[in-house]
Amino acid sequence: MQTTHRSSRILLPVRMAWVWLTLLAALTLDFIPTSQLPGMPDFVALVLAFWCVREPLRVSTGTAFLLGLLTDIGHGSAMGQHALAYVLLAYICGAISRRLLWFPPAAQALQLVPIFFMAQIVMVVVRLMAGAEFPGWEYFFSTFTTAILWFPAHYILLLPQMQPIERDENRPL
Amino acid sequence: MSVAGHSTPPIFKRGLPPAARLTVYLALSTALLVADLRFNYLETLRQGLAVLTYPLQIVASTPAEWAGRTLEYFSSLNRLRQENARLNGKALEDAKRLLRQTGLEAENKQLRDLLSMREKTPVRSIAAEVIYTARDPFARRVVIDRGTRDGIEAGLPVIDGAGVVGQVTRTFPLQAEVTLLTDREQSIPVRVQRSGLRAVMFGASNGLLELRYLASNADVEPGDVIVTSGLDGVYLPDLPVARVIRVERDDARGFARFLCKPEAGIERSSAVLVLGRARVDQPRPEEPPPPPAPTLRRKP
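As you go down the protein sequences, you meet chains A and B in turn.
For what it's worth, the numbering used here labels the leading residue of the first sequence as 32, then goes sequentially.
For what it's worth, the numbering used here labels the leading residue of the second sequence as 120, then goes sequentially.
Just chain A, same shape as in the assembly (with noise of 0.2 Å):
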C-alpha cells in the first residue's frame, strides 16, 4: 500500500498561546498525586513530542529543558533528569517530524514507543548511577499507555486548527 499524507488535512496556523496551554495542562496533569501508580502516563513527554513533531520550528529542545526542568522539581526527582531525557525526546522527534507526518495517528504512536522507551531508559540509567534503587519493570508500562494515548491527543490538541474559517452553505468544505 502506498502511503499518503493522511494525517495531514490542510489545517489553520496553529496558535502558540495554544501550545502552551495544552504544554502547561499536561504539566498540571503530570503533577496529579497518584503515588507511584504504575503505567501512569508521561503527559508532558507526550504533549512535548506532539508539539516537535508539529511544529519543529517552533517547538524543540528548549522547550523541552524548560518543561524537564518544571517536572523535575514537581515529582522531587534529580535535578535535570527529565530535562534531559525529554531535550533528547525533542531533538529525536524534530528529526524525524518530516517522515512521521506521512502516517496515520496509530502508525505514528507505534513509531513513537521506541522514542518514549529511549527517554525513560534515560531516565532509569541517570538514576541508578546516582545510586537509587531501580523501581522495577513496571516503571517502564508507561511507555505504552502514553503511546496509545498518541491517537486520541492527536484529535484533542489538533482541534482548534481544525475549525472552518468561514462556513459556506454552497460549498461546504
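Worth flagging that the hints you see were computed from the coordinates, not collected in a lab.
Derived list of chain A stretches under chain B, where covered just means 3 residues or more per stretch with a C-beta under 8 Å from a C-beta of chain B:
| id | stretch |
| --- | --- |
| 1 | 61–71 |
| 2 | 156–162 |
A few chain B residues facing chain A, derived, Cβ under 7 Å:
| id | residue |
| --- | --- |
| 3 | Arg140 |
| 4 | Tyr144 |
| 5 | Ser148 |
| 6 | Leu151 |
| 7 | Leu161 |
| 8 | Ala183 |
| 9 | Pro256 |
| 10 | Arg303 |
| 11 | Ser324 |
Residues of chain B clear of chain A, computed beta-carbon distances all greater than 10 Å:
| id | residue |
| --- | --- |
| 12 | Ile130 |
| 13 | Leu223 |
| 14 | Asn227 |
| 15 | Glu329 |
| 16 | Tyr332 |
| 17 | Glu405 |
| 18 | Pro410 |
We treat Cβ as the ideally placed atom computed from N, Cα and C, and that holds for glycine.
With chain A's structure known, arrange chain B on it following the hints.
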C-alpha cells in the same frame, strides 16, 4: 532555526542549528545533574523555581484530595463504630499509663534535682498527615501536609505511633517531603536495645532495613529490638526503629548481613508526628584555667 537533519539555507538567519542546540542543552542538563546529585548545590534554584510549579501542583492535587475526602465521608458506619470502640479501649489503656506517668515525671524530677542534673527539655512536636507518595519512583518519599509555615524544617525526624518513619528532607511553604527510612540513601544511628551495641542503619531496597559496618561476630540476634541512639542530636534517643529478622553470618567476609523489619508502618501510616530538634544534653567540657599572664621581667 531549522528542522533537525535538514541544513539551513544560508540566506536566512535562523540561529544555532538543531544539533548544536541539542549539544548545549544536553551539556546543561548533565551539569545540573552532577551539581544536584553529587554536590547538592541546587536547593536554592529548586526552591526558586518551585514558585512556578507550586500553583500547578495545588491545582492538580485539590481534586484528588476532594475525591479522597468524599470516599472517606461515605465510609461505612460499621467500620467507624469498630474503630471508635478500638480507640476507646486504647484511650482507657493509655489513661492508666498517663496517670502513672505524671507521678513518675514528678519523681524523676525530684531524683534529677537530687543529682543536680539538667532536666530533659520536652520536645515540640507537630502532627501531620501524609497526603501522597512522591511521584519520583526511584526514591521512597512521602509528602506531608505541613510546611515551613507550620515551623517544619529540613532534618527533623518523623515518627508514627509505633516508631521512627523517616526524616524531613525538603520543605515547601505548605508541604514537606519526608524521606522514609527504607530509602537506600537514608541512614539512622541506632543501638541494639539488648546489648547496647551502636550501629548505623540503612534502607535495604525491598522495604527492609539493614545494619551495616558490624563485624560478623557482633552480638545481634534475630528478634532484637533496634532503637535510636540519639548520638546525632537529630533523633531523640530510645525511639523504636526496627526488629532484627534475619542474620546472615559469613566468615569468609568480614561483615555480616543483618536484615531488620521496621517497627513503624513506614509505607502505610497516614498520621505522623514531626518532632522538633532534640537538644544535645551533653555538658560542655571544663575549660582549662587561663594561663597566667606573662610578667615582664624588669631589667636590672
